[in-house]
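Participant: Chains H, L, P and F, in that order, give the protein sequences. Everything in the first sequence is counted per the working numbering, starting at 241 for the first residue and increasing by one. Everything in the second sequence is counted per the working numbering, starting at 241 for the first residue and increasing by one. Everything in the third sequence is counted per the working numbering, starting at 241 for the first residue and increasing by one. Everything in the fourth sequence is counted per the working numbering, starting at 241 for the first residue and increasing by one.
Where chains are identical, the list cannot tell them apart; a pair therefore holds if satisfied intra-copy or between any two copies.
20 Å max Cα-Cα, derived EDC-like pairs, lysine to aspartate or glutamate:
(1) Lys429 / Glu522
(2) Lys352 / Asp320
(3) Lys352 / Asp534
(4) Lys503 / Asp493
(5) Lys503 / Glu569
(6) Lys425 / Glu316
If you're looking for bench data, these hints aren't it; they were derived computationally from the structure.
There are 4 protein chains.
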Amino acid sequence: MKRRVGIVGFRGYSGAELVRLLDRHAQVKVILLDHREDSDISQIPAPGKQRQRAAATPETVTAQGLDLVFLATPAEVSMDLAPAMLRAGARVVDLSGAFRLREAPSYSRWYKEPHSAPELPGEAVYGLPEFCRSRIAGARLIANPGCYPTAANLALQPLVASGVIDRSAGIVCDAKSGVSGAGRKPSLKTSFCEVAENFSAYSVLDHRHVPEILMVSGLEEAELSFTAQLLPIHRGILETIYFRARNVTNSSDLLGIYSQKYKDEPFVRVFENRLPDIRGAEQTNFCDIGVRLDAATGRAVVVSVIDNLVKGAAGQAIQNMNLALGFPETEGLL
Amino acid sequence: MKRRVGIVGFRGYSGAELVRLLDRHAQVKVILLDHREDSDISQIPAPGKQRQRAAATPETVTAQGLDLVFLATPAEVSMDLAPAMLRAGARVVDLSGAFRLREAPSYSRWYKEPHSAPELPGEAVYGLPEFCRSRIAGARLIANPGCYPTAANLALQPLVASGVIDRSAGIVCDAKSGVSGAGRKPSLKTSFCEVAENFSAYSVLDHRHVPEILMVSGLEEAELSFTAQLLPIHRGILETIYFRARNVTNSSDLLGIYSQKYKDEPFVRVFENRLPDIRGAEQTNFCDIGVRLDAATGRAVVVSVIDNLVKGAAGQAIQNMNLALGFPETEGLL
Amino acid sequence: MKRRVGIVGFRGYSGAELVRLLDRHAQVKVILLDHREDSDISQIPAPGKQRQRAAATPETVTAQGLDLVFLATPAEVSMDLAPAMLRAGARVVDLSGAFRLREAPSYSRWYKEPHSAPELPGEAVYGLPEFCRSRIAGARLIANPGCYPTAANLALQPLVASGVIDRSAGIVCDAKSGVSGAGRKPSLKTSFCEVAENFSAYSVLDHRHVPEILMVSGLEEAELSFTAQLLPIHRGILETIYFRARNVTNSSDLLGIYSQKYKDEPFVRVFENRLPDIRGAEQTNFCDIGVRLDAATGRAVVVSVIDNLVKGAAGQAIQNMNLALGFPETEGLL
Amino acid sequence: MKRRVGIVGFRGYSGAELVRLLDRHAQVKVILLDHREDSDISQIPAPGKQRQRAAATPETVTAQGLDLVFLATPAEVSMDLAPAMLRAGARVVDLSGAFRLREAPSYSRWYKEPHSAPELPGEAVYGLPEFCRSRIAGARLIANPGCYPTAANLALQPLVASGVIDRSAGIVCDAKSGVSGAGRKPSLKTSFCEVAENFSAYSVLDHRHVPEILMVSGLEEAELSFTAQLLPIHRGILETIYFRARNVTNSSDLLGIYSQKYKDEPFVRVFENRLPDIRGAEQTNFCDIGVRLDAATGRAVVVSVIDNLVKGAAGQAIQNMNLALGFPETEGLL
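Just chain H, same shape as in the assembly (with noise of 0.2 Å):
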């Protein structure tokens, strides 16, 4: 028998691909769950078919039998909402940044708000099922990761582990995402008028997702220069990352280590001969990752890609549901 799961934030983008992926997914059954009155009902997204909708409350969950519920909603709204899910018995996913550093001071600093909820950070575990599985099985609430730290961490960690990286010269993490990682929420700076044709720069050297960055890769804030860039695409995230190697002679030493890493890991492709580009991961799960390196000068350039509403949001979520629920990890991902 299915197990119920609940989405609320399905009119976003995150929200909507997590019902349109687990469309696919042999063993949930999906319930709407709406949190708020929206005025206009035009601007839900087609479900294309009848759908099951009830109230984001503890008592759905009760009522509905919930076994999980995904949060794919503001910081904010998750932190107001996910106690009482919790309480109810729900496990909970949340795909905002709300439970992601471990304390929640650091979120303050970040974010710029006060932490509503401060006694949950510290209890969630960090949703990056290649550095984390373990502790996610068994996790009750679940801070699924941001979209630039997975495709920065996937590509860092391992070669920071591994002391390749001459950290001293400092790391370069320039990154570019596609409009949907705002959101969907109309805004002058996602009117296509003003993206299309264009590229720019924001929250340079000042963005909330650094500090997941250096938690889970190791860097400390010094080291570490990442820039957010807006590409004019729908979706999808490309970073180039630059740094001083030490202690390898050549491509395929780095290339090793990738390969030692993620040997069994289902959704990380290491390039052997070309760097990957935005299209070979849109609508995948993976984390696709190539390297060049100057052997003469250690120079080293490594490029990571996902697609930011799936391996950075929705996918990654179900891949955090499946282990939580006991699923095959790839169930409804491939």
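Once you have looked at the hints, place chains L, P and F on chain H.
Facilitator: Frame of chain H; chains L, P and F shown alone:
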């Protein structure tokens, strides 16, 4: 000495285009007129240089000695501001739909709201220079045409007047516009992720620009099927017009009608050998027209192209200003 | 045990889409058939996994036990390969225009070259399942429909058959297609810088897909005005169809005709309350149809949408294969 | 009386931009010089008006009295044509990479072919006016800079010269360019369907523009990591430059260096309060530069933007022509 003109609505796409184009105009100095406090100052398009600003009031007209005011504002704002500006002694070129239809009840029908300055539509002159040039010169209030009607009427009127359209079979105008035609105000409909890699029809058989097309072309409502559609591009309109031809034997006959009508017009280009595309008219004040006729069956196709922000808005508004203030008609537009 | 099928032309957009879609098909195993040495091996789309390859020869059909071969090739290649593949015992689904028209002279007129396998068009079955399902099941050679005709015929045929179109007034089909419809071979016409921020008409009143529309819809050449236009998007077709309705009193009458005709069809969706857009059918095998009627005047607009690479090419080809090999018609397509 | 100048390669994107920009130049008359018979005459961009044409030969230089010839041609064509044009008495502004590097062996290394006019690189003057203005005025042969190096050098040189970059930590230049930078010749890499909704890196650590950056900026090859990447837009370059700053205490110190260096430059704009984006420099000859510095750690980010077809090609070529022929430097460019 330069004449002084004001622009209300300079933050919008048409208003910003007016500012940009008037920078090249040798005979006017522009004053930006603030109509509303904009809470988010960052949303003002970078003017690129120091510009004179003043309040959008009748007092400013007097104090600054404004000869003419452009209203690049929504219809309800134009209905509010135009009477006051006129009383203060300025000519007005209004880019909204407020004064295009000759009678206030017609406005109410198509714009679905009462007209709040019902004495003015009767006085206003419709600002399509190719058909109303002499009246524009002496006008106090010029109603700048809609973007779709400009492309449609320049293509249709000469054919209707020449009697080469079999009106009993009906005329189709299938129109496609870039996103800037929907204005700068953020909305889901004009968000990048909704528009990119998409194409859709809207206001089918019920677009408020229809009465303008009927008014100028001479067609009856029952004869014309007009559809507006949203192209995933920034700017440009292409209309594909279909009709059954009569009294002509080949494409040259139709081209001849256009050439005769427009031989002295600076802003209409008749394409002899190929059909125009949107790129060719981009950032110009031209309307490009081409024709295909199947002589055996009388099936005829006309393609009419403009840049919706230039000939469809700001460029034509300047052309009207040039006529109204006695400048060379092409000043600042070639 | 899985049946074995071959694909010639798997480097092209339609062929690559066949490979991608058949990866989800439970009952066939794909063999990629090399027709020409491609000098630039880098241009082969990354298949993402190891795939079986063989030469596109009759010997391969026998040696590999191929039940069916897809020809995703230009018409001249299909005319060359189809006879040999048929003789070797494989069924053939041809995605080109080589065998769609019933008579070789008609091919010569519209494709402007002689037919090099003139004995085959008479045998070929036109692969539009909604109208030719029973004949497809037994066919040796299936001519997969063109992309434009698929969207046009599914919209037009039921209306023509029902007698609700006033054919004396003519029918307009204004069609817009994404760039992948032009194929993968590089050309200036499909270069990014020529297509982006542009829109243009081509083959006006002279498109080779016209005879397919006439053949299935039952219209006469003199009655139909068809224009193809290039949208700056990757994939998708939207056709806006105009006609004068008779014998109907409101939109529901037209919708009723479609609902009656397509009530058991898995791949046609009739839109009751709004018009379809390109996004909604993207990467699906659906044809989405919506209607607007002005009852007072009889002016009617139908919007028909498909993904040109799926229902307009590879998806429909698989639907035909499913019928020909006795699989469930929707296998691999939902 | 107007001076006469010729353009070879006017069909390409840079050449067509030269034609377009020179239409606004008050002091020159353009002669289009045909270098190769183009079999497909339809591919010539519509010049929009009657233009004078002649063969691209030394005889034309003499017969037409050409003062200067622009070579908007591939390097191998420029190496062939430049000597002959110079001997015929014309000055030459070459837009290819043929004469940018001072020594022919360096050309051979980076362009991977021998130099066929090895006597010329030593004579050529590098046409970056902000750094080589005085020598450009008297030059016979001007090597117009590459697009990427123009944005990079205007941003890097003042900082390197001021000693505020900790060069031991390395410098990263992450560059993104619109598709027109790849030229007008059709190729799969620049096809709409390959570029749209995609983003990719190329020539990583091995781009032929690197030596130009080293030559002007004063950096060593081992110090600079340069990556070129393809943006799904028509035109524009944005480079994000990372380094470790020293001897400065805040962003103003870096801005001050730029302001001091460029205070009299007509085509460099220093952004005080925000970072530039690609749109802001579109269709202008400006290079826009902005800065972010984290004072505590010295991490610095510079964003440098140009339009690759204007300041990165045709506009800068005209700026060089203005210097060489004694016109005001900004003529035709503001």
